[in-house]
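K.L.:
As given, the protein sequences belong to chains A and B, one line each in that order.
FYI, our numbering numbers position 68 of the first sequence as 68, with every residue one higher than the one before it.
FYI, our numbering numbers position 7 of the second sequence as 7, with every residue one higher than the one before it.
Possibly wrong hints are sitting among the right ones.
Quick partial rundown of chain B residues pointing at chain A, CB under 7 angstroms, derived from the structure [said to hold, decoys possible]: (1) Lys101; (2) Gly105; (3) Lys109.
Sample of chain B residues with no beta-carbon within 12 angstroms of chain A, all distances over it, derived [stated by the list, open to error]: (4) Leu13; (5) Tyr36; (6) Glu42; (7) Lys56; (8) Lys68; (9) Ser72; (10) Glu76; (11) Ser83; (12) Asp84; (13) Gln100; (14) Val102; (15) Gly107.
Keeping only pairs whose Cα atoms sit at most 16 angstroms apart, straight-line, the calculated EDC-like set for lysine to aspartate or glutamate is [claimed, not checked]: (16) A:Lys44 - B:Glu15; (17) B:Lys101 - B:Asp2; (18) B:Lys109 - A:Glu40; (19) B:Lys101 - A:Asp102; (20) B:Lys109 - A:Glu41; (21) B:Lys101 - A:Asp56; (22) B:Lys101 - A:Glu57; (23) B:Lys101 - A:Glu103.
Note that these hints are calculated values from the structure, not bench results.
Even for Gly, the Cβ is constructed at its ideal location relative to N, Cα and C.
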Amino acid sequence: NAGVMQNPRHLVRRRGQEARLRCSPMKGHSHVYWYRQLPEEGLKFMVYLQKENIIDESGMPKERFSAEFPKEGPSILRIQQVVRGDSAAYFCASSPRQGAIDEQFFGPGTRLTVL
Amino acid sequence: GDSVTQMEGPVTLSEEAFLTINCTYTATGYPSLFWYVQYPGEGLQLLLKATKADDKGSNKGFEATYRKETTSFHLEKGSVQVSDSAVYFCALSLSSGGYQKVTFGTGTKLQVIP
Chain A
1 NAGVMQNPRH LVRRRGQEAR LRCSPMKGHS HVYWYRQLPE EGLKFMVYLQ KENIIDESGM
61 PKERFSAEFP KEGPSILRIQ QVVRGDSAAY FCASSPRQGA IDEQFFGPGT RLTVL
Chain B
1 GDSVTQMEGP VTLSEEAFLT INCTYTATGY PSLFWYVQYP GEGLQLLLKA TKADDKGSNK
61 GFEATYRKET TSFHLEKGSV QVSDSAVYFC ALSLSSGGYQ KVTFGTGTKL QVIP
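Next up, chain B with everything else stripped away, as it sits in the complex:
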């Protein structure tokens, strides 16, 4: 079946450090790929997405590139801030029965310390 694997957390970084959170996927079709962020006490929010190979999604300084050859969608940010502390979920979606079903990774907790 379809699955998403992302690096385990927690990831602890100092402010202004470079961030990479790895994500790889397995899918039977040609999925769209997403990163979601969940701040403490809140629901998941869509951070960025990419719908085809070599697309780069970006938002709020975060980037991820859809790599079909390595089935990966790693999340990166050049300089993290304390306010980026949250749980990050990688996800894929495939069309099924006229709508899109989503498969999520387990989430990676990021802690940024001043």
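For reference, chain A alone in the conformation it holds in the complex:
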């Protein structure tokens, strides 16, 4: 059973470009969570999605950031018009149900560098 997959593992973008980060949850998992880790900081919750629904986006910046988890395919975290401050590691996690944190399985992360 493959774990949570994230790609790309490393992404380099110039200021003003768009960044698309993909997360494929574990098989049978329909809940996805995105976290961001800025340099020298802990992981911060961004958004929680179920298939085709955004459940909680309280940690998402109000502008330029969006997330989706379509019926088919991976979850996508999209950052438009990237700025240097978006440089960070972005982690996703998936779980089979809503509930306990210890059922969340993490992917290896995508390191975004904005030049």
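On the provided structure of chain A, position chain B as indicated by the hints.
P.N.:
Only chain B this time, still in chain A's reference frame:
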């Protein structure tokens, strides 16, 4: 708001040395507490957890005790190995809107040298 503070790294130890990584928390409610480990190039893995005061979580020789009076959850291991080299994250979770939101510390890098 809720927060987790853990000791800064990197922590460098010789093999078989005793390990302590300090973690303290601030929370508005009664959180569950966790330690996660991240090996190079991999995602975070749950190492151990404790859900109420005085509970001791343990796994792979690591232990941590939920201390409500000192709001702490320090990670310990009696004898570290080179294979324990990784980044360790302390975290808390609280129920919010029917599911658990997690707050992580900044992580502590552990390097164990032979």
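K.L.:
Each hint: holds or not?
P.N.:
Here is how each hint holds up against the structure:
With its C-beta approaching chain A no nearer than about 6 angstroms, Lys101 of chain B sits inside the 7 angstroms limit, and its interface hint holds. Taken as an interface hint, Gly105 of chain B checks out: its beta carbon lies about 5 angstroms from the nearest beta carbon of chain A, inside 7 angstroms. Interface restraint check for Lys109 of chain B: the shortest CB-CB distance to chain A comes to about 12 angstroms, outside 7 angstroms, so the restraint is violated. Residue placement check: Leu13 of chain B keeps its beta carbon more than 12 angstroms from all beta carbons of chain A (closest about 22 angstroms).
Here Tyr36 of chain B does not stay apart from chain A, with its beta-carbon only about 8 angstroms from theirs, under the 12 angstroms limit. With a least beta-carbon separation of about 5 angstroms from chain A, Glu42 of chain B fails to lie farther than 12 angstroms from that chain, contradicting its non-interface assignment. With a least CB separation of 16 angstroms from chain A, Lys56 of chain B remains clear of the 12 angstroms interface cut-off, as annotated. The Cβ of Lys68 of chain B sits about 19 angstroms from the closest Cβ of chain A, beyond the 12 angstroms cut-off, so the non-interface label holds.
The non-interface label for Ser72 of chain B is consistent with chain A: the shortest C-beta to C-beta separation is roughly 17 angstroms, beyond 12 angstroms. With a least beta-carbon separation of about 20 angstroms from chain A, Glu76 of chain B lies farther than 12 angstroms from that chain, consistent with its non-interface assignment. Distance to chain A confirms Ser83 of chain B as a non-interface residue, since its nearest Cβ pair spans about 18 angstroms, more than 12 angstroms. For Asp84 of chain B, the shortest C-beta to C-beta distance to chain A comes to about 19 angstroms, beyond the 12 angstroms cut-off, and the non-interface label holds.
Separation of Gln100 of chain B from chain A is inadequate, the least Cβ-Cβ distance of about 5 angstroms not exceeding the 12 angstroms criterion. Not every C-beta of chain A lies more than 12 angstroms from that of Val102 of chain B, the closest at about 5 angstroms, which undercuts listing it as non-interface. Separation of Gly107 of chain B from chain A is inadequate, the least Cβ-Cβ distance of about 7 angstroms not exceeding the 12 angstroms criterion. The straight-line distance between the Cα atoms of Lys44 of chain A and Glu15 of chain B is roughly 33 angstroms, outside the 16 angstroms bound, and the hint therefore fails.
Of the pairs offered as hints, the one joining Lys101 of chain B and Asp2 of chain B holds, with about 10 angstroms between alpha carbons and a cut-off of 16 angstroms not exceeded. About 12 angstroms separates the Cα atoms of Lys109 of chain B and Glu40 of chain A, which keeps this hinted pair within 16 angstroms; it holds. Between Lys101 of chain B and Asp102 of chain A the CA atoms are separated by roughly 11 angstroms; this keeps the pair inside 16 angstroms, and the hint holds. With a C-alpha separation of about 13 angstroms, the suggested pairing of Lys109 of chain B with Glu41 of chain A holds against the 16 angstroms cut-off.
As the CA atoms of Lys101 of chain B and Asp56 of chain A are separated by approximately 10 angstroms, the hinted pair is consistent with the 16 angstroms bound. Pair hint Lys101 of chain B plus Glu57 of chain A holds up; C-alpha atoms about 12 angstroms apart against a cutoff of 16 angstroms. This hinted pair checks out: Lys101 of chain B and Glu103 of chain A have alpha carbons roughly 12 angstroms apart, not beyond 16 angstroms.
The structure shown violates the earlier hints numbered 3, 5, 6, 13, 14, 15, 16.
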